[in-house]
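K.L.:
Sequence:
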Amino acid sequence: MNKPYHSENQWMGSWFASQTYSDKKFAVERFENQTIRMIIHPHAFGSKFRLKFSNLYGSKPVVFDTVTAAVSTKGGETIPGTGRHVTLDGLRTIEIPAGEEVYTDPVDLEVNEHVDIAVSVYIPKATSSSTWHFSPPRSTYVAEGNHADDSSGVYFQTKIHSYYWLSGMEVLTQGDHFRVIVALGDSITEGSTSTQDANHSWPDILFKRLQRENPAYPISVLNAGIVGNQLLRNGPEIGLPIGGESVLSRLNRDVFSHSRVSDVIFLGGINDIGLGNATADQIIAEMKKLAVNAHEKGLRIFAGTLPPFGGATYYSIEKELVRQEVNDWIRTNEIFDGMLNFDTALADPHHHEQLLPAYDFGDHLHPSDAGFKALADCIPLSLFIEKS
1 MNKPYHSENQ WMGSWFASQT YSDKKFAVER FENQTIRMII HPHAFGSKFR
51 LKFSNLYGSK PVVFDTVTAA VSTKGGETIP GTGRHVTLDG LRTIEIPAGE
101 EVYTDPVDLE VNEHVDIAVS VYIPKATSSS TWHFSPPRST YVAEGNHADD
151 SSGVYFQTKI HSYYWLSGME VLTQGDHFRV IVALGDSITE GSTSTQDANH
201 SWPDILFKRL QRENPAYPIS VLNAGIVGNQ LLRNGPEIGL PIGGESVLSR
251 LNRDVFSHSR VSDVIFLGGI NDIGLGNATA DQIIAEMKKL AVNAHEKGLR
301 IFAGTLPPFG GATYYSIEKE LVRQEVNDWI RTNEIFDGML NFDTALADPH
351 HHEQLLPAYD FGDHLHPSDA GFKALADCIP LSLFIEKS
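For what it's worth, the UniProt record's numbering labels the leading residue of the sequence shown as 1, then goes sequentially.
List time: in silico DSS-like cross-link candidates among lysine-lysine, alpha-carbon distance up to 25 Å: (1) LYS60 x LYS125; (2) LYS125 x LYS25; (3) LYS74 x LYS208; (4) LYS159 x LYS24; (5) LYS289 x LYS319; (6) LYS319 x LYS288; (7) LYS60 x LYS25; (8) LYS159 x LYS74; (9) LYS208 x LYS373; (10) LYS48 x LYS74; (11) LYS159 x LYS25; (12) LYS60 x LYS24; (13) LYS159 x LYS125; (14) LYS208 x LYS48; (15) LYS125 x LYS24.
Think of the hints as simulated: they come from the structure by calculation, not from any bench.
Using the sequences and the hints, build the whole thing.
P.N.:
Right, dumping it as structure tokens:
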């Protein structure tokens, strides 16, 4: 096992949402004189945190007149008295230049394992939703007018999904060692078919397992999954903007940029097979590049075998053979620091090309909550927690 980072009072990634191009099929096209309240489920804890906002795909600056953070309760409600104004360079009005990302000033608000954080941004003028993260299982709340300071949920009657411009949270850790794992992949990693607002993606469940194993050990699992993401192609090139940039194209931003990142778990390639008709050689070549890039940054990287997809819309026998060839390579190569057998964890033992019915969300491609738990449970915790 490689050693985690050792330091006092360092920023540590606690939550993340990979940003993509706006997509009129799924996103709210614009906001005007509205407050967006988004809920963060943190994975690392501390007395201070900072937020990251992204206008990566915008052609104009985005201006938030008011930004607040508070402890979330239910729906769009927050706990009275916990609200804090979020500033940038000491200013309450936050402007994000086109094509850029910014970290806010530190926020004095305790983050622990018992709380979610509600981030509210008030947008006064008509603003296109150029940059966002599509997350079907996460509720976001919208109010007309400026209600960023209001703890009541009565104003937040409109419920949508996903995160707009909000891309990350880091906490100031006071422990002397910690580990940050990035889960990199597509909708299966994003947890797009998990139960609404239940935090049942496999990265969330893995984090809970790690926390139970050693509560005193600061560790987080950042979710860098994107619905429709591919190794070989960018989403807009195939008419799927929400699919984001290809895995290698987003490595620097979505993996290497995180404070104190130490490990990567990669699960991907099924969209390349199903949507892109990629060959096994093409997928393997990209996975090799991925491993080399991670190792050059001093990170460990673990690869998951591709789960079965028999019966899915884009399934065929020819594509199944490609999946098997890729999985055989993942199981036998030595370029990764380890292999996670996600395929076996989800497969029907009597029909290996299909998901076990109990693990099938219903489309024969995406897992159910039980399936996400099976993915998380098949990961040995000893890979990430040192034994004393």
